[in-house]
Amino acid sequence: MDGSDSADTRESAPAPPDLEVPDALADVVDADTGEGELERTIGLVGGLAIGVGTMIGAGIFVFPGLAAENAGPAASLSFAIGAVVALLVALPASELATAMPRSGGGYFFISRGLGTGPGAIVGLGLWLGLVFASAFYLVGLGSYAGQVFLEAGIALPIDPAVPLGVAFGVGLTALSLFGTENTAALQNAIVIVLLVILTLFLSYGSLDALGVFGAESTPERFFPPGGALPVLQTAALVFTSYLGFAQVATVAGDIKEPSRNLPLAMVGSVILVGVFYVVTIFVATSAFGSARLGQFGETAMVEVARSFIGFPGALAIVVAGLLATFSSANASILSASRAVYAVSRDGIIPEAASRLNLAYGTPHVALGIAGGPIVVLAATGQVEMLAEVASFLHLVMYGLICVALIQLRRERPDWYTPSFRCPAGFTVAAVGGLASFALIAFMQPASIGIGAAIMVAAYGWYRYYATDVELKGDF
Amino acid sequence: MTETPTDDDGAQPEIDDGRGEIDDTDRADRADRPSVLVPLEVLEGESIPNGTPELLANARVVLLGYHTLPDQTATEQAREQFGETAMSKLDEFAEQLAAAGADVQMRLVFTHDEETTIDRLIYEHDCLAVLVSNSTEGVESVLVALRGTVGVGRNTRLVAGLFADSDVAVTLYHVLGGDESPADGESFLNGVKADLVERGVDPDRIETTIEAEDVPIDAIASRAESHDAVVMGETDPSVTTFVFGMPSEQVAERFLGPVLVVQRQRPEE
Chain P
1 MDGSDSADTR
11 ESAPAPPDLE
21 VPDALADVVD
31 ADTGEGELER
41 TIGLVGGLAI
51 GVGTMIGAGI
61 FVFPGLAAEN
71 AGPAASLSFA
81 IGAVVALLVA
91 LPASELATAM
101 PRSGGGYFFI
111 SRGLGTGPGA
121 IVGLGLWLGL
131 VFASAFYLVG
141 LGSYAGQVFL
151 EAGIALPIDP
161 AVPLGVAFGV
171 GLTALSLFGT
181 ENTAALQNAI
191 VIVLLVILTL
201 FLSYGSLDAL
211 GVFGAESTPE
221 RFFPPGGALP
231 VLQTAALVFT
241 SYLGFAQVAT
251 VAGDIKEPSR
261 NLPLAMVGSV
271 ILVGVFYVVT
281 IFVATSAFGS
291 ARLGQFGETA
301 MVEVARSFIG
311 FPGALAIVVA
321 GLLATFSSAN
331 ASILSASRAV
341 YAVSRDGIIP
351 EAASRLNLAY
361 GTPHVALGIA
371 GGPIVVLAAT
381 GQVEMLAEVA
391 SFLHLVMYGL
401 ICVALIQLRR
411 ERPDWYTPSF
421 RCPAGFTVAA
431 VGGLASFALI
441 AFMQPASIGI
451 GAAIMVAAYG
461 WYRYYATDVE
471 LKGDF
Chain C
1001 MTETPTDDDG
1011 AQPEIDDGRG
1021 EIDDTDRADR
1031 ADRPSVLVPL
1041 EVLEGESIPN
1051 GTPELLANAR
1061 VVLLGYHTLP
1071 DQTATEQARE
1081 QFGETAMSKL
1091 DEFAEQLAAA
1101 GADVQMRLVF
1111 THDEETTIDR
1121 LIYEHDCLAV
1131 LVSNSTEGVE
1141 SVLVALRGTV
1151 GVGRNTRLVA
1161 GLFADSDVAV
1171 TLYHVLGGDE
1181 SPADGESFLN
1191 GVKADLVERG
1201 VDPDRIETTI
1211 EAEDVPIDAI
1221 ASRAESHDAV
1231 VMGETDPSVT
1241 TFVFGMPSEQ
1251 VAERFLGPVL
1261 VVQRQRPEE
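Residue numbers (our numbering), protein chains in the order written: chain P, 1 to 475; chain C, 1001 to 1269.
Treat the hints as calculated values from the structure; they're not laboratory data. Bear in mind that the values here come from a model prediction, so they are computed numbers and not experimental data. In this text, a Cβ means the ideal position worked out from N, Cα and C, and glycines have one as well. Heads up, none of these hints are tricks.
As a list, the in silico SDA-like pairs of lysine to any residue whose alpha-carbon atoms are at most 20 angstroms apart: (1) K1089(C) with G34(P); (2) K1193(C) with G1151(C); (3) K472(P) with L114(P); (4) K256(P) with Y1123(C); (5) K472(P) with R409(P); (6) K1089(C) with E35(P); (7) K256(P) with P1070(C); (8) K256(P) with T1116(C); (9) K1089(C) with L358(P); (10) K256(P) with V45(P).
Which chain P residues face chain C? A few, computed with CB under 10 angstroms, are given here: (11) G34; (12) T250; (13) L334; (14) S354.
Model the full structure from these sequences, guided by the hints.
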């Protein structure tokens, strides 16, 4: 007993657990400033789950039909292009995130690196970009919920996708207002279930396409009749499938050991979903011709699974699709409310927008101004337009993230001490920035118009309301 | 921005923020005081229950005010809005504890998961025990439930540290395991008693009780009814604890008085 004693006395004080992996910047942010300290609760797996969970709903369960219709089997190339662009942005974003491990993500990096004007455009744009993305996911979720009725043999007089999507939008907003416990644990579980179902399904599908289970399917011409142009246009359309990695940065304030986990979660989730997307298109286009896939629309993957394994396969994909689009929609609604918080904290919009409700601990105003427009947009049911505007607003942010990296590396302000450095930083950021802006050019004119109008309006708001806010280098 | 706060607290586990320690006379003597973590959900209206200041009069109290937020809310956001209110409440509680004689350090944490936070603070402050707060009329007798020799030194250190200088009656209690004879149990408790006496507890105030019961938790909970507070150890999480909760929580729920849960020696990292 005396032995255990001496180990306990205070001379041999144990080192704090984080002494070996100093995360100096994170410690400064979390430390008690007279008003309490902050706990970081999301580990690497949680971070990956946020990234993958936000992304995988769109690329696998909504886009394959639409993408194949536009670009044929080369749609897998479109997804690969998207993955490369996302990676080129994820690396600079990782460096910035380790230098500024705060909530707010891309908005925070740009407002601190480039100043209030670009910050306001990105901050308000990010909020609306997430609003558009959430509406898009909700329509996808509605399509899968409608598919449930179809599988059950219940005939409905109208296409239920849009009304169901709107209903889910209202429900999810209400749910998040009342503070859901353990959403992180639920998200992790959903992502694991999804990855298991998809891995089984895609392995079977790939083997089948390669002729292991009978006749090898005759591949159709890889490139669509229009050549490279439709492939690039499709890449712009499906880029919505890669928006999730930035969501990891919006919760940077909650990530443990951010200098290690942030880069791994962002880059890792992009690579993981990119591989899944490319394989999915390969499997889907080998099961059906592209034109036929296009007719199936948002739920094309259900028919692909049915052609392989019959009803059980279709059922598995319907369930997976419900889970995936649900988790994407939920994650985006929550991120949208965090984006509102980030701009209101800085005084770009009135502070009242980020008030918390003490009883539920949730930002009810921010959730309201995120949830309202989401429901309205979901009611339009314009899947491709919603997706493109969401991508547009995110791509502007991604381009500016790359610009911010270049700017900060040239200026070297005292506070800029990232613990992760993007390899070949200038080159990666330059190519990533150019690629982000270039991808916008391949969108439909209507989407570009809406996106540009939102940017102009955001800048106008900044000139009207927030010209006296100085954010550059402000911590 | 670039300073590393870890440099400051590497040598001392005690991260004193300057406000916490209210009375620092004869520190050398106080260095041996057992450290007890007292978690309170300050913004949910939890306060220091009756009898707690008396119970912890001789402790080095780590007063943890925490607020648990749903995952969709940034902790920063809550700190901005509620930090001041919470801190002033915590100040008030710290004064109550200090007025009774305890050394108090305050920590206020905004978190998404209180278990992570409590666990981190147990490490950082090398806490001997965590208090499950409940009110009690006065502190006259304490039930010390002991499972076995492993880590029993931490129990005696806590009990002696808290109650050696008071007139609190201490009842050492042991439920016999399957292959244990009453004689084994008795010699175990006598060893503990001797240790307590050596640490300055008056032998007349120590009683020992041995029982053979099938369900130790039931036995402890019903024994506890005739005492003012319980000291017991923590248990490894298992399937049973997952379903029914930790034994210490179950005891606290039924006993409705304060329970000091002695923490295992934390492994050095």
